[in-house]
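K.L.:
For the protein sequence lines, the chains are Y and F, in the order given. Going by this note's numbering, the first sequence opens with residue 1, and the numbers climb by one from there. Going by this note's numbering, the second sequence opens with residue 1001, and the numbers climb by one from there.
Because the hints were derived from the structure by calculation, they are not lab data. The C-beta atom is built at its ideal place from N, Cα and C for all residues, glycine as well. Not one of these hints is a red herring.
Where chain Y lies over chain F, by a calculated footprint (3+ residues, C-beta under 8 Å): (1) 1062-1075; (2) 1087-1096; (3) 1101-1107.
Which bits of chain Y does chain F cover? Going by a derived footprint, with three or more residues having C-beta under 8 Å, they are: (4) 88-102; (5) 106-119; (6) 131-145; (7) 150-157; (8) 312-321.
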Amino acid sequence: MSDPSTEMLARMYYTMGLIRDFENKAAELFTRGILAKGGVHSSVGQEAVATGVGLSLRGDDWISSTHRGHGHHLAKGADPRRLMAELLAKDAGYCRGRGGSMHVAAFEIGSLGAYAMVGEGVPIAVGAALAEKMKGTDRVAVPFLGDGALGQGVVHESFNLASVWRLPVVFAVERNGIAVSTRCDQMVAPSTRLAELAQAYGLRYYGVDGQDVLAVHDAAGRAVAAARSGQGPALLDCRTYRFEGHYASEPQVYRRREEIDEMRRTQDPIAHFEAYLLDSGLFSTADLEALRRRSAEVVEDAAEFAQTSPEPDPSTYAEYVYA
Amino acid sequence: MHKATYKEAIREGLAEEMRRDSSVFLLGEDIGLHGGAFGLTKGLFAEFGPERVRDTPISESIIAGAALGSAVAGLRPVAEMMFGDFSAIAYDQIVNAAAKARFQFGGQCKAPMVVRMPVGALSWKSAGVVHCQSVDNWYVQVPGLKVVLPSTPYDAKGLLKSAIRDDNPVIFLEHKALYEYQDEVPDEDYVVPLGVADVKRRGSTCTAVTSGKMVHFALKAALELAKEGIELEVIDIRTLKPLDEETIFASVRKTHHAVVIHEGHRTGGLAADWGMRIYTGCLDWLDARIGWVAAHDVPIPYNDGLEKKVLPQPADILAAVRETCGAA
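Excised from the complex, chain F in its bound form (with noise of 0.2 Å):
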């Protein structure tokens, strides 16, 4: 084992996937001699050279379009966006084009590739409207991507090498509020299987499912409950598409009560997703109400106190759990 920031794993996971396999390479704004917006690939130009650590011009579109068109042809591209915003520039070649390339051909290709893109707000150094979206939610609905979004240094890592490793398309969101969190990574090769869930905290009293952030926001609220008697299982869903639908549903049936938090907007999200998932999978268990933690339907605004009440916050976790163990 040895210490690693989420950011540094995300670097460890690249670089050894690049050593193990040279069909992988990088594509991107600024990642060669700059090492990338947020310093992702620094060291990998000077490793790895021009030819695998591409320079691009600021072209979201081709950026994902030649991604596609290498990796039907037999590469392992992993393309960054420099921030998860900027992909809607690239949507209609990462969903329209990648998403579909293997179904409306039959099955005559595949295309693994890898889109990385940070998400999410930063609170005191957040950049405002389009440098903050969690656009998770964009995603999750498109059949053919696989959705990834890691809390943990460890889990950045293996769930990398796993989407590198995967045939299909997958979208790798890497919440940039976590970039410097810092913990335990094995020294050894490992991978975190993609469609797993993980429990973060065990738990008897009531299930938190979440992701990202929110998965450290639900950690925390869980101590402070943790006083009151109330004892919160928290689920990091970490794949976010394919979901984990058993992990929840067996912790939801052992505590008989959930809550779905989710950075991402309220309207046609995730959390809603899995709030409904959860209702239809386990209404018998359920002893109450499901809580749901969401951002309001506004943009993410570019002042701080704004920002907070416009994000869900540990407040808002702790009275959502309250709420729904009848505690409140």
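Looking at chain Y on its own, in the form it has when it is part of the complex (with noise of 0.2 Å):
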């Protein structure tokens, strides 16, 4: 793959700290009793994942995503005023406050949906995939899923359908290494072995360090553009790390606070892709300063939008059961 350009570097730059400030926002609106519904579960941490992926898709391709899934909608191009009044449960919301966090959708921008069990996405992404090969398109099919989805079935049957069907999914495995609220090593056998796993499959396998954006930008496109051409599924393995608990205020019993503290110091994708960029002398500290700005303001937004829009008509309850 090419090197990307200053613009797609500018982007990934911008949509990291879209995801944080998001992320933060969402938090910050739980902590206060204003989100005061359902569980709000922050990837913060993974932005470099959701981000790197996500650009390296078209607006057709099509993902589906987890109950941590803001980031994958905003990285995919999601409207973060729609985004957070979903979460708010509010009418102007993506899914007019059916769904919530963990359940949303945006079929616009290529979104199957969040889907708050673990795995149950994964499957509809690999459908999807095989009604654009069948259909005759060139679309690709992107399922998010984290190690901890390695102990469902679903997760297992999807490699084998993608594989022996040879459909345009590229399975991109946010490894972060903890399953909910327990250590992945004691959980998944495979869980640090996925090259074994995928060759195992038939996908083929790309391996990166999810913490840095680039590398996952480039893997992805590649896994993108082969499956994209017709040969075949891909496992992307990327090894990332959750800077927050599985949802906000949850007591992390499963680490210690000093290995978040060192991670949060060694391992930020934003820090470390911001001395890159400074780094390559193509961007200024006031170019940077500018772009996280603007996302920060435009969560700010989002927020505002969100907070004064109208709740669903309790009188439609019953739409949208049947087409």
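Using the supplied hints, reconstruct the complex from the two chains, each of which is provided in its own coordinate frame.
P.N.:
Given below as structure tokens:
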């Protein structure tokens, strides 16, 4: 793959900032009791994976997402206002307040939806890839999944079917090492051996440092291009780290505070990329500050929009059950 | 008109819809070259090829999940579960993902998919606990699904065509005991609309509300009852969800007596649901307690004699109708 353009580098930096600001704002609204419903699952620390994958896709490519899916949607091009409005269960949300944070979709930007049950969205992306192949398009489907989802049978069924039918699917594994609130190495036998897993299933394997947005973008781009040209499915193994708990205010008994602090200090994907951009000489500190300011403003605007939006009309409760 | 078995009528329905609409395709275990565990798709592989008659791995979850994904992306999949019992493995994809797809996403998508599955007991050919269940009760509970169970070849073909053309996930139940049942089927294209019950026998004394194989048991019982002066009206529900209450209520308000008959288990079951609806919708018209015939809350045993004890038999229907009509 060719090196990303300066414009793409700026988009990457902006998108990662947007995801972080959005997640922090959602957590703040949760803490203040404004986002009082459901759970909020922050993807802070994992921004490079969503961004690198999302920006390697075309607008008409499909993704399916997880309970930790705000970043996937933002990187795919979701409107922060409508996403935040959905978190706050408002009528202006993508799903008109029916879905919420864990069940949001945005079909117009190629999101088949976030599926709260771990692994549940993976087969649906496989099915969408099947449809595109049968229709003769060159659209690719990318299901996001965590390494905890490797405990779900349907995920393995998905690997298998995508392989035997040679479907244009890139399985994007966010390998953060934690399955909800238990360490994956205790729960998932092949947790650190995804290359062998992929080989056994006949998936092309791409292993990357998921804290390095350029590496993710490059590998995702190659995996997607190969899938698009009919070379079959791939597994994109992104080693990453979740800076926050499973949900806002989770006690995190499975790791020590020092570990999190250390990872924040040494493995922050935004700080890492910032240093790279400054070092490249293509961006000044002022350029980057302007991009971060813009994402902060967009998120403030989204939060304001969501908080002042009306609730769905209760008389519409039975809408959308049937087509 | 031509003669066709229930099984042949379903196969005709599949083939005609596939010829009519190139977005319709089939997926399931052994449905290709082998033609399906019960032979439902025999010949379709030869006509439509492996792209549109897709053999899948033995993976019920992804059969349903891939059907859903392809449906929201614009195709019309018809998935086959080898047995209705096996759909328990696909339950999450059907119940949590497919049924709610349109609702949870605020109307952004539709999921036009059919999941076909053989259900019910065969008596002397039955294979036991996880090959003979009536899974109707598992699915009628779920908003967003439609559930169909035909009792005749005519209904099977017409309802299947409606199910394939419908924009919602439809659970299409096929009663195994009826697969070889033969009857007249029109030569021309026709559909039976979803959500409309059918009066299979006119009668003035008592209304039997039922579906599937039990329709035939009720019709058999009706012949016996007629000799006793009891004219049983037999309503075949056909579409278990959404339910056609009007047809039921109109009949009960005429006969003033009702018996609900379902092959599924008694607790939390469809027969109880039908009975409650009749109770609330027709109380002023009822002259007697509603008769309630359903399977005992016991798994379906392998032994034929035991199975007959667990599942409703024509004699149970006779007894229930006689009691309701004060002729016991």
